[in-house]
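Modelling step: build the complete structure from the supplied sequences, incorporating the hints.
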Amino acid sequence: MIEVSLRLSWDHDLAGVVKRLEAGGVPSREVNVLSRVPLPESVFPANPSRMSLIGVIGALLGFSVAVAFLVAVTVSYGLRTGGMPLIAPLPLGVITYEMTLLASILAMLVTLFVRARLGPWRRVPEHPELDYGEVIISVTCADLAQAQRAREILAGVAAGRAA
Amino acid sequence: MLIDLNVCTGCSACVVACRAENNIPITGAHEAARNGTIQWLHIDRAWSGGQDDFSVESRPITCQQCDAAPCEPVCPVLATYTNSEGLCVQVYNRCVGTRYCALNCPYDQRFFNWFDYQWPTPMEVQLNPDVSRRTRGVMEKCSFCSQRVLAAERAARSEGRPLREDEVQPACVQTCPAQALLFGDLADPDSRIARAWRHPRLETLLEELGTLPRVRYVRRQDAPGAEALQPGAEDDE
Amino acid sequence: MNATSPAAAPISIAPGREAPLLRPMLVTGRAYKHMVILLTGVISWGAFCFIYQGFIGLGLTGLRRPVFWAFFITDFVFWIGISHAGTLISAILRLSSASWRYPVTRAAEAITVFALGIGGVFPIVHLGRPWLFFWLAPYPNARMIWPNFRSPLEWDFFAISTYLTGSALYLFLPMLPDLALARDRSQGWRHRLYRFLAMSWQGTQQQWHRLELAIQLMAAVVIAIAVSVHTIVSWDFSMAIVPSWHSTIFGPYFVAGAIFSGIAALILIMAILRRVYHLEDYLQPKHFNNLAKLLLTMTLLWGYFVFAESITTWYGNLPAEMPAFWSKISGHYAPLFWAMVLCNFVIPFPILAIKRLRTITGMVIASITILIGMWLERFLIVVPGAATQRFAFDNWYGYFPHWTEISISLATLAAMALLYMVFSKLFPIISIWDVVGQAPAPTGEGIAEPGPGGAP
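Protein chains in written order, with my numbering: chain A, 207 to 369; chain H, 5 to 241; chain E, 2 to 457.
One or more of the hints may lead you astray.
Okay, the calculated bits of chain E under chain H, using three or more residues with CB under 8 Å as the criterion [to be verified]:
{"hint": "1", "region": "51-59"}
{"hint": "2", "region": "67-81"}
{"hint": "3", "region": "134-142"}
{"hint": "4", "region": "238-252"}
{"hint": "5", "region": "266-277"}
Straight-line Cα separation of at most 20 Å, SDA-like style, residue types lysine to any residue; simulated pairs [stated by the list, open to error]:
{"hint": "6", "chain 1": "E", "residue 1": "K426", "chain 2": "E", "residue 2": "A272"}
{"hint": "7", "chain 1": "A", "residue 1": "K225", "chain 2": "E", "residue 2": "I366"}
{"hint": "8", "chain 1": "A", "residue 1": "K225", "chain 2": "E", "residue 2": "Q207"}
{"hint": "9", "chain 1": "A", "residue 1": "K225", "chain 2": "A", "residue 2": "L212"}
{"hint": "10", "chain 1": "A", "residue 1": "K225", "chain 2": "A", "residue 2": "Q354"}
{"hint": "11", "chain 1": "E", "residue 1": "K294", "chain 2": "E", "residue 2": "I366"}
Treat the hints as calculated values from the structure; they're not laboratory data.
All residues carry an ideal CB built from backbone N, CA and C; glycine is no exception.
Written out as structure tokens, the structure is:
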């Protein structure tokens, strides 16, 4: 893996640079625009996300697991307390509620980690030079030839900016 | 259990018997002064009348073994529950000491082991081997002398016969010189207790809470007015 | 703490806009070190008291029948209440896109996590056999008996662990970009630490989009959890049949009280941070002013709840409820009760309502009295209900705390301070990407437009 990068001010035509890289044969998912603060939505519109749907699915899953778990566990060793029915919906509902929300949060967390490619085990190139008001166009290249191509395109971009 | 207040003299023999039978720790005068005692059974005295013609009602109060016990569902570790015989049992080994049950007992009949209590010599010699000594940090209460019930049931089972009515008596019932206490199996419709359970003058403590106690009291015939039927009812503001 | 001896700086500060915010992480003065030693001492003393109490038994405390709960449960409710500062406030502000929240959120979320951790210790401290606390965890024992899911204390276990998970994530996720910044600017062990914690955050636009979406969605869920947590804490009391505890109003009353004390704690901590770390440019009077308005609202709401709770009890005049009520209004606990009213309403209300008094100093005074008042409020909910005559049995007992109880309570206060101090040395206490992204660019060509970090 070779990283080729270029530092640019963020008023540059960033979308254009990415297009040029794609036209040059660099796959778009290998091109990342890094910044210290999020760029305006207008520059790179967010692609649609199903995170809210996954949150709901996680909640439903948590709810089902909670109900099944509580019923199974309570019935498996039925000890009666205080004249209450063994399966007391209201008290068990409190725990069901918490487990539902917990599952929802965890589902969204997993989605975030997968979709944003996060994880402590990943090694990514660090860019201490990146400052506010700037972006870094980072291209991850599979081989030297591709790296060479990307470097040429980015050099062209840099030259264009200098001029 | 049925307690006849007409007969109870308030002699406290039941209290002593309970203490001896159930290894109830001796907490000492210092703790007694600050409500730190443990007494599974105590005599509640209600005084009424004037200086000259007063009357005193003695009422032995113990765990009421409620069918709908408020103490039970609040325990997070199921250390107390209603067993198959309808007793509200306390499992010392499972208790972690949240003390929630004691707060939720309207009769204040749950006692906490604030310390590891020691029995002064030679008191430790008479400890009952059938009853466990409780460690610090667990809750305890009247068990209706379940060790006696279990022993009698075992004996009956080994002889292949049903348990006879007169075989089991908790220590307090056994000791009462006036025979004010009656203990038996309500599930057996012919038992003395089952017949006495429909006595017209029976009352339960704090009936309005709906705890369905398994201890009932036979009201005194000479009770001074209906308002004294509940202990301390005259104290209400 | 405000001495300036930049000892061998492990982070190289580029003279960028984030420098003043990274500075507290690097510059450690003598006062800071003295404070750490002092707090560690207090915490050790508290830990010693806890262990001592474990060996002797809970008889060491002032608890006796029927006052089975007192100091530790008060502390528990108090700290769980403080924990509502952060997540709830910052989540509400985030959902309502209140842009003044940026410098406030991190400080608030950190309060949440630490206060929750500390509050969660108290149910263990209060156990008769604290070494068996894990029996409350949902796993079967040797006889395959599971915990009792019908018990409010078991609800507490689930509610607090859920809230701790949620609020820790809520502190952690918005910090990822700042951790990445710290990773890029640091060497040595700090670099390794931040590299691990930054979870390979690069700042790609995909990551930004997902992160902001996740924070936004979680805010909604976390609010639902936070409300449920303090409701469940209040249900520890409401579910009991103890007169004066068995009240339907307790759920919302406790949640309002929690937010009330949480905002007070936040204002106090922000004032300290501003002073100690010279963050005057970031924690501006307008932030304090906005929080003070929130606090004023909560003061009024608290007054309303106390009045509603009192008048319904007094008017109903139920025999079982009245002993506890009168012990608060005119009896044994009256001094504490009226001190609470003074601390929670009479003092803070004019300070917060009159604009001329609503200075940062004034707010700090109001916050301190509110924190004291809210502790008293929890004490007055827990103890008189248990201590006064309940039902027919005249079994009251005058509770007075033992020094071990006081020591352990003070130790947790020290623990909060220490955790906060250590946190501010390891992590940026103000969200850098939020704040610096907001600030207009100082110089440089091509950075004409203001930073786009505003999108929540």
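(request) With a C-beta cutoff of 8 Å, work out whether three or more residues of the region 134-142 of chain E approach chain H closely enough for the coverage to hold. (result) That given contact holds, which follows from 4 residues of the region 134-142 of chain E lying within Cβ reach (below 8 Å) of chain H.
(message) Run the distance test for K225(A) versus Q354(A): straight-line Cα separation, threshold 20 Å.
(response) Measuring from Cα to Cα gives roughly 17 Å; hence the hint holds.
(request) Given the hint that K426(E) pairs with A272(E), test it: the Cα-Cα distance must not exceed 20 Å. (result) Satisfied, since the Cα-Cα distance of roughly 17 Å is no more than 20 Å.
(request) For the pair we were handed, K225(A) and I366(E), check the Cα-Cα distance against 20 Å. (result) violated (58 Å)
(message) Hinted pair, alpha-carbon criterion (20 Å max): K225(A), L212(A). Please report holds or violated.
(response) Distance ~15 Å between K225(A) and L212(A) Cα, so the pair holds.
(request) Establish whether the coverage given for the region 266-277 of chain E by chain H is satisfied; the threshold is a Cβ-Cβ distance below 8 Å, and no fewer than three residues must meet it. (result) Since 0 is below three, the answer is violated.
(request) Confirm or reject the coverage of the region 67-81 of chain E by chain H under the rule of 3 or more residues with a beta carbon closer than 8 Å to the chain's beta carbons. (result) holds (count 3)
(message) Can you confirm whether the C-alpha distance between K294(E) and I366(E) stays at or below 20 Å?
(response) holds (15 Å)
(request) Could you grab the alpha-carbon distance between K225(A) and Q207(E) and see if it respects the 20 Å cut-off? (result) Cα-Cα ~17 Å, so holds.
(request) Between the region 238-252 of chain E and chain H, see if three or more residues pass the 8 Å beta-carbon test, and mark the coverage as holds or violated. (result) holds (count 4)
(request) Go check the region 51-59 of chain E versus chain H for me, would you? Three or more residues, Cβ under 8 Å, otherwise it fails. (result) holds (count 3)
Hints 5, 7, counting from the list given before, are not met by this structure.
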